[in-house]
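Protein chains in written order, with our numbering: chain A, 1350 to 1767; chain B, 1350 to 1767.
Each hint should be verified, as a subset may be incorrect.
[To be verified] Straight-line C-alpha distance at most 27 Å; calculated BS3-like pairs for lysine-lysine: (1) B:K1409 <-> A:K1472; (2) B:K1409 <-> A:K1373; (3) A:K1649 <-> A:K1707; (4) B:K1373 <-> B:K1409; (5) B:K1409 <-> A:K1409; (6) B:K1543 <-> B:K1578; (7) B:K1373 <-> A:K1409; (8) A:K1380 <-> B:K1409; (9) B:K1380 <-> A:K1409; (10) A:K1558 <-> A:K1472; (11) B:K1627 <-> B:K1660.
[To be verified] A few chain A residues that don't get close to chain B, going by computed Cβ distances all over 12 Å: (12) L1365; (13) R1378; (14) S1405; (15) A1420; (16) G1422; (17) G1498; (18) K1540; (19) K1569; (20) E1576; (21) R1621; (22) I1669; (23) G1678; (24) A1684.
Hints are computed from structural coordinates only; laboratory data are not their basis. Ideal Cβ positions, reconstructed from N, Cα and C, are used throughout, including at glycine.
Number of protein chains: 2
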Amino acid sequence: MPLVVQKYGGTSVASLDRIRSVAKQVVARHKEGNQVVVVVSAMAGETNRLIDLALSASSKPDMREYDALVATGEQVTSALLALILRSMGVEARSFLGHQVRIVTNNASSKARILRIEADRLRKILNRGWIAVVAGFQGVDEEGNITTLGRGGSDTTAVALASALRADRCEIFTDVEGVYTTDPGICPNARKLSKISYDEMLEMASLGAKVLQTRSVEFAKRYQIPVEVKSSLVNRPGTLVTVEDPSMENILVSGVTYDRNEAKVTILKVPDRPGVAAKIFAPLMDANISVDMIIQNVSTKGYTDLTFTVAKSDLSLALEIIQRLASQIGAKDVIADKGIAKVSIIGLGMRSHAGVASKMFQSLARAGINIQMISTSEIKISCVIDEKYTELAVRVLHDAFELGNLPRPRSKTGKKKSR
Amino acid sequence: MPLVVQKYGGTSVASLDRIRSVAKQVVARHKEGNQVVVVVSAMAGETNRLIDLALSASSKPDMREYDALVATGEQVTSALLALILRSMGVEARSFLGHQVRIVTNNASSKARILRIEADRLRKILNRGWIAVVAGFQGVDEEGNITTLGRGGSDTTAVALASALRADRCEIFTDVEGVYTTDPGICPNARKLSKISYDEMLEMASLGAKVLQTRSVEFAKRYQIPVEVKSSLVNRPGTLVTVEDPSMENILVSGVTYDRNEAKVTILKVPDRPGVAAKIFAPLMDANISVDMIIQNVSTKGYTDLTFTVAKSDLSLALEIIQRLASQIGAKDVIADKGIAKVSIIGLGMRSHAGVASKMFQSLARAGINIQMISTSEIKISCVIDEKYTELAVRVLHDAFELGNLPRPRSKTGKKKSR
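Whenever a hint applies, use it, and build me the whole structure from the sequences.
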């Protein structure tokens, strides 16, 4: 019997009525002859309410307790969905992270899944019952509750699909799929019918908020077909799947932007071997991920070092770096929150030259200065002044001819690729 | 080092500000040189909000899912208190039922504690840290979340005190202690400075809502001194403790009432051996506890059977009994929700005669008819028409001279023994 893992996001379970609609969809999929696992997020707004509570209790909350607090959001939704399914006469059980069990490392609030012990779920599924799983949460080896970071329910769903060798993972959300860019910025953004894991991985990590990066990593590693679709309209969404030859013909698949990073520059760092390690090791220890790093050519034994981190990590990063700067004899540390990263992604870049120069030229022609550049085989990212974000996205979307025929922003234009 | 278990009820943790006050009290107790375990209830109103959610999702909610849902209330409070303690620079950790672990049977929503595996708590305490425990919840052998019923956090606290061989258990609540009766009904009700486990057990099970019955059972079995006191005023409360000789001199310690029971009468039951077992076994199987049972003398091979159950169990009990009635050939089943049970409790009854007749006479003189009577060594209960509840309580409180000198209901008269 085919096994389907479905995931419903916060807006899809925002009220009891919405959860009832979800229950009907789940039962329909079950009646078609599938084993069904449903992963749910917290009701829309609930996670933010809990985070506010935590921040009112403590301006620098201990993250173990923070996780125990915010994990209740998904616990409520999973119990409610199971209650509704059972009141419809369908056998269903809810499971929390520690009940499945979804074992993670102990990095509270951004834990990574180490393994899934899915025997209990399998037993439930083999009885023909529906398993409802609270998304976003796991448990570490010591039994502490952990959470997987924003969008973590996507990862719960795809990781479960991998562990259970599911035939398909369906991510129901408030958008109809993955778009060439944010339709809120480019009204002629186009829904992609198919995208490769690698492109999706870049899109997710470069700012398209439709899937959590780690969920795409799981999907790629275990080759689970993932469909991103709307829970409100019954239309095909975007299939994230293995690369096929036709995909290479498309030069650029999408344009993304990310305003959640901040730039840190350390001025006049003595250019000695090991100095970079000395700077970045303590950041890693503090679980801060550094994105782009640029080191200028050294002059007279000194160099400037620039890197970007998530804005939410900036104050902690600055605390660490300022302490370090004096230790290593650097001159100064400056931070800039007013930046944005715009990126273009496409498998076609691997075999087609000139994509980068076309990107730089388009931005230059619009008068946008590039502060940092980072490239990989299938993406190019530029850090620019934040105020040019929308302009840059539109310029690049047009330059690579990604849109539908231009049309005025219509009533359905509110779908966003966030 | 002495070990103290404290429990704070819903009104004591009703807001972040209240939780901050609790945190200060906890830290003070810790600084006096005690190991401290704190058990918390859900924030006032939260459990009702969650129950309403469950009932909106399903009119007859599955109790396993119901428990997973309502247990989030205490999870939120315990995490918040730990966050606040840590923001004050005090080492503290929160623990859920399954983390302690508090192992219960699988009777969802009225689970009983089977054992407590307190090694993890002990480790925390031996480090000098404060342990915060979510009240009201446990985990069954299969890892399902269970809850202990209304007032279950009291039981969590006393059971933890027993398991940890604590020196004292302090129950902080919105009243100043255990009263001779409800001051809302008798303004001259008096706070008891001391009461025996057995009397407290009867008071709790007969309607005084100040401690959950099972918590008193634990306290009695392990002889844990339990002090019931207010979290708002710093005054001695009531000490629940082992019996001492002076206690026997008091004929009656308190008067309680309970409006939460309903009466079921089965008419013309064929009086055959085994018929009572046939009736009550299925009720027990459905986890319905039957309180008082009266069987009239049989006439012509038939008898009438009357018993009381909690009002919340009435519809399920009637369903079961009506099915049975036709099987065993009884004539009819009638239910009455309009009843109340008034009780008097006192160790002195064991050695003093005439207490019962004084009770019956006092009620008769007030024109109150007695429908059912039940006695034990230290209590007498009468079922009466619900509308006479307050009158009966006042009549009995006066008859046994339990009050302070009469005084008008003052501003401080709002403390209730509920």
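To see whether the hints hold, each was checked on the structure:
Restraint check for B:K1409 and A:K1472: the C-alpha separation of about 26 Å stays at or below 27 Å, so the hint holds. Taking the CA atoms of B:K1409 and A:K1373, the gap is about 19 Å. The hint holds against a cut of 27 Å. With a C-alpha separation of about 35 Å, the suggested pair A:K1649 and A:K1707 falls outside the 27 Å cut-off, and the hint is violated. Between B:K1373 and B:K1409 the CA atoms are separated by roughly 42 Å; this puts the pair beyond 27 Å, and the hint is violated.
Distance hint between B:K1409 and A:K1409 is unfulfilled; the C-alpha atoms sit about 42 Å from each other, more than 27 Å. With a C-alpha separation of about 12 Å, the suggested pair B:K1543 and B:K1578 falls inside the 27 Å cut-off, and the hint holds. Annotation: proposed proximity of B:K1373 to A:K1409 holds, straight-line Cα distance about 19 Å (limit 27 Å). For the suggested pair A:K1380 and B:K1409, the alpha carbons sit about 24 Å apart, so the restraint of at most 27 Å is met.
Taking the CA atoms of B:K1380 and A:K1409, the gap is near 24 Å; set against the 27 Å cutoff, the hint holds. Pair hint A:K1558 plus A:K1472 does not hold up; C-alpha atoms about 34 Å apart against a cutoff of 27 Å. A threshold of 27 Å between alpha carbons decides the hint, and for B:K1627 with B:K1660 the separation of about 22 Å falls inside it, so the pair holds. Residue placement check: A:L1365 does not keep its beta carbon more than 12 Å from all beta carbons of chain B (closest about 5 Å).
Every CB of chain B lies more than 12 Å from the CB of A:R1378, the least distance being 20 Å, so the non-interface label holds. Not every C-beta of chain B lies more than 12 Å from that of A:S1405, the closest at about 5 Å, which undercuts listing it as non-interface. For A:A1420, the shortest C-beta to C-beta distance to chain B comes to about 8 Å, within the 12 Å cut-off, and the non-interface label is violated. Annotated as non-interface, A:G1422 brings its C-beta within 12 Å of a C-beta of chain B; the closest such distance is 8 Å.
No Cβ of chain B comes within 12 Å of the Cβ of A:G1498; the nearest lies about 18 Å off, and the non-interface call holds. Consistency note on A:K1540: stated as away from chain B, and its beta-carbon is indeed over 12 Å from all of that chain's, at 34 Å minimum. Chain B leaves A:K1569 outside its interface by the beta-carbon criterion, the shortest separation being 32 Å against a cut-off of 12 Å. With a minimum CB-CB distance of about 28 Å to chain B, A:E1576 clears the 12 Å threshold, and the non-interface call stands.
Look at A:R1621: its CB is around 38 Å from the nearest CB on chain B, clear of 12 Å, so calling it non-interface holds up. Listed as a non-interface residue, A:I1669 keeps its Cβ farther than 12 Å from every Cβ of chain B; the least gap is roughly 21 Å. With a least beta-carbon separation of about 33 Å from chain B, A:G1678 lies farther than 12 Å from that chain, consistent with its non-interface assignment. At roughly 25 Å, the least C-beta separation between A:A1684 and chain B is larger than 12 Å, which holds for a residue marked as non-interface.
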